[in-house]
Amino acid sequence: MIIAAMATRLRSLPVLILLACLAGSAWAADHVAPAASDATTYPAVEVHADEKVAIAADPYNTAEKGKFFRVDYLKYGFLPIRVIVTNNGDTPISLDEARIHFITSTGTRIPAAEAADVERRTTRASNVQKTIPLPAPLPPIHRKPGSKDKQIEDDFNQFEYQALAVEPHTTRAGFLFYDVEGLNNPLKGAKLYLRKLKNSEGKELFYFEIPFEKYLTVQPN
1 MIIAAMATRL RSLPVLILLA CLAGSAWAAD HVAPAASDAT TYPAVEVHAD
51 EKVAIAADPY NTAEKGKFFR VDYLKYGFLP IRVIVTNNGD TPISLDEARI
101 HFITSTGTRI PAAEAADVER RTTRASNVQK TIPLPAPLPP IHRKPGSKDK
151 QIEDDFNQFE YQALAVEPHT TRAGFLFYDV EGLNNPLKGA KLYLRKLKNS
201 EGKELFYFEI PFEKYLTVQP N
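Just so you know, the sequence shown maps onto residues 1 to 221 in this note's numbering.
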């Protein structure tokens with residue numbers, strides 16, 4: 001009886017492992033960004049024909065569009081923007097010193113946020129000081145929990161634009177997150193401004209200025 005029961009459990013073990021792997025694969029599939037296309041296929045794009053470089057900016061300004069993220073960044077006032085760089089030339093393009101800013105309609109320049117910036121925002125409401133009541137007349141203990149958020153860290157590690165170079169005839173893409181809290185319709189009249197991109201000889205390319213109106217004109221009302 002005991003041997004038969006052990007044999008049954010052993011036969012079931014591979015099935016359980018398979019189910020666990022399938023479950024893990026399904027979970028991982030939930031956090032996969034859509035494949036990036038050539039930059040010229042996006043509405044908001046600027047092409048430098050002489051330099052053979054095209055850069056597009058694709059805002060993820062709806063919850064549905066950004067559903068693969070682990071965190072709803074729009075809820076906390078952060079706008080994910082996918083930056084797509086296509087190098088059609090024969091030499092690499094360096095982004096090691098690149099500056100990529102979100103410029104509002106009023107000219108305010110917003111740098112890309114870091115994971116810590118998002119963590120501070122998301123924990124501002126949930127990480128208000130927790131109170132531990134004590135018997136009177138002792139005062140309560142106020143404890144503020146840490147601000148590290150694994151989901152945000154994982155998103156930034158997986159999706160943030162990290163390519164320091166774009167090889168010849170290659171497209172590289174990734175996300176940058178911009179703090180647009182308090183802005184009503186932040187894309188209207190705004191643009192993405194990129195500078196300090198360099199070619200293989202270290203010569204700086206002409207700056208890129210990508211208006212988001214190009215994106216808004218093809219979106220449903």
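Incorrect hints may have been included.
Distance windows between CB atoms, simulated [what the hints assert, rightly or not]:
1. Asn-184 <-> Pro-43: 19 to 29 Å
2. Lys-203 <-> Asp-72: 40 to 50 Å
3. Ala-63 <-> Gln-162: 18 to 28 Å
4. Gln-162 <-> Arg-195: 30 to 40 Å
5. Gly-202 <-> Arg-120: 17 to 27 Å
6. Arg-124 <-> Pro-168: 23 to 33 Å
Lysine to any residue pairs mimicking SDA-like chemistry, simulated, CA-CA at most 20 Å apart [unchecked claim]:
7. Lys-188 <-> Ile-110
8. Lys-198 <-> Ala-49
9. Lys-65 <-> Val-218
For the record, the hints were derived by calculation from the structure and aren't laboratory data. The beta carbon of each residue, even a glycine, is placed where N, CA and C say it ideally should be.
Hint by hint, here is what the structure shows:
no.: 1; hint: Asn-184 <-> Pro-43: 19 to 29 Å; in the structure: 22 Å, holds
no.: 2; hint: Lys-203 <-> Asp-72: 40 to 50 Å; in the structure: 41 Å, holds
no.: 3; hint: Ala-63 <-> Gln-162: 18 to 28 Å; in the structure: 25 Å, holds
no.: 4; hint: Gln-162 <-> Arg-195: 30 to 40 Å; in the structure: 19 Å, violated
no.: 5; hint: Gly-202 <-> Arg-120: 17 to 27 Å; in the structure: 37 Å, violated
no.: 6; hint: Arg-124 <-> Pro-168: 23 to 33 Å; in the structure: 45 Å, violated
no.: 7; hint: Lys-188 <-> Ile-110; in the structure: 15 Å, holds
no.: 8; hint: Lys-198 <-> Ala-49; in the structure: 15 Å, holds
no.: 9; hint: Lys-65 <-> Val-218; in the structure: 15 Å, holds
The structure fails to meet hints 4, 5 and 6 from the earlier list, while all remaining hints are met.
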